[in-house]
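Generate coordinates for the entire structure from the input sequences, incorporating the hints supplied.
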Amino acid sequence: MPELPEVETVRRGLDRTVLNRPISQVEVFHPRTMRRQPGGESEFIEILTGAAFVATARRGKFLWLPTNFGDAMLAHLGMSGQLLVVPPGGDDPKHLRARITFDDDGPELQFVDQRTFGYVMAERDGAQLPSLVAHIAPDPLDNVTDDELFVTALHRRGEIKKLLLDQQVISGIGNIYADEALWRSEIHGRTPGIALSEEKRRELLDNSRQVLMDAIEAGGTSFDALYVGIDGEQGWFERSLDAYGRAGEECRRCGEIIQREKWGGRSSHWCPGCQKLPT
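Last residue of the sequence shown: number 278 in numbering that gives the first Met the number 0, and the count goes up by one each step with no gaps.
Hints are computed from structural coordinates only; laboratory data are not their basis. There's no promise every hint is true.
Calculated cross-link-like contacts (lysine-lysine; reagent style DSS-like; alpha-carbon spacing at most 30 Å) [claimed, not checked]:
1. LYS199 <-> LYS161
2. LYS161 <-> LYS261
3. LYS275 <-> LYS261
4. LYS161 <-> LYS275
5. LYS199 <-> LYS93
6. LYS199 <-> LYS261
With beta-carbon atoms standing in for the labels, derived distance ranges [what the hints assert, rightly or not]:
7. SER41 <-> GLU216: 40 to 48 Å
8. LEU276 <-> PRO21: 50 to 58 Å
9. CYS273 <-> GLU45: 53 to 61 Å
10. LEU276 <-> GLY89: 14 to 22 Å
Predicted model only: the values in this text are computed from it and were never measured. Here a beta-carbon is modelled for each residue, glycine too, at the ideal position from N, C-alpha and C.
Take a look at the structure:
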């Protein structure tokens, strides 16, 4: 699933390509794409036709584009969603779910989603903060993130990895980057948050920020062709991963063999040499 770095990479691409271009036509090709739209396809089309995107915004894994009318288009990529900016007139991709055409006849915006877990929707008066995003906590790169609240929120009895993934504690940290931040901090994911000192929890926040920024610089992580940027290019952070996806390989820090286990329906990766579970 695309996580914060992948969504941020897409946001930056849209910021360069679709702003201040009046929308001439909106098309929807699959009903599941509109499942979050209260008024369905017709409302989505009505809100966006004739408007222009004037900014891009993101919180965690949610992306939205405010319009000049104060409304917004919200997108969640789900497992396989892609927002592509492509020249008009080409062959439609196999899993095209929605398309936005601009009146300058320039590149169009396509929403492509193979597994249809993602969606797009439009919300009136949603430019500042769409209602679906309001309950999501700020993410580590958000300038309104309160470090003190986050450090305190991690001081709980629950497993630290589970707390990192709780989108109401802090958003945008998914499975890949949780494993990476925990590896950098030398913390086992099953460690109770309450067992970590304040200094260690601050270190974990710092490492969470840094691994997200490193991944953004690399264009995100692409394990397959389902995640790409707006131009269809894959991200390259997979080459820099220290824990996730490296089961059976030597730890780059201590030489022990990286382990993998099933964890809450996901995979968790850690080094038994330098990420020891407290006794």
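Broken hints, by number: 5, 10
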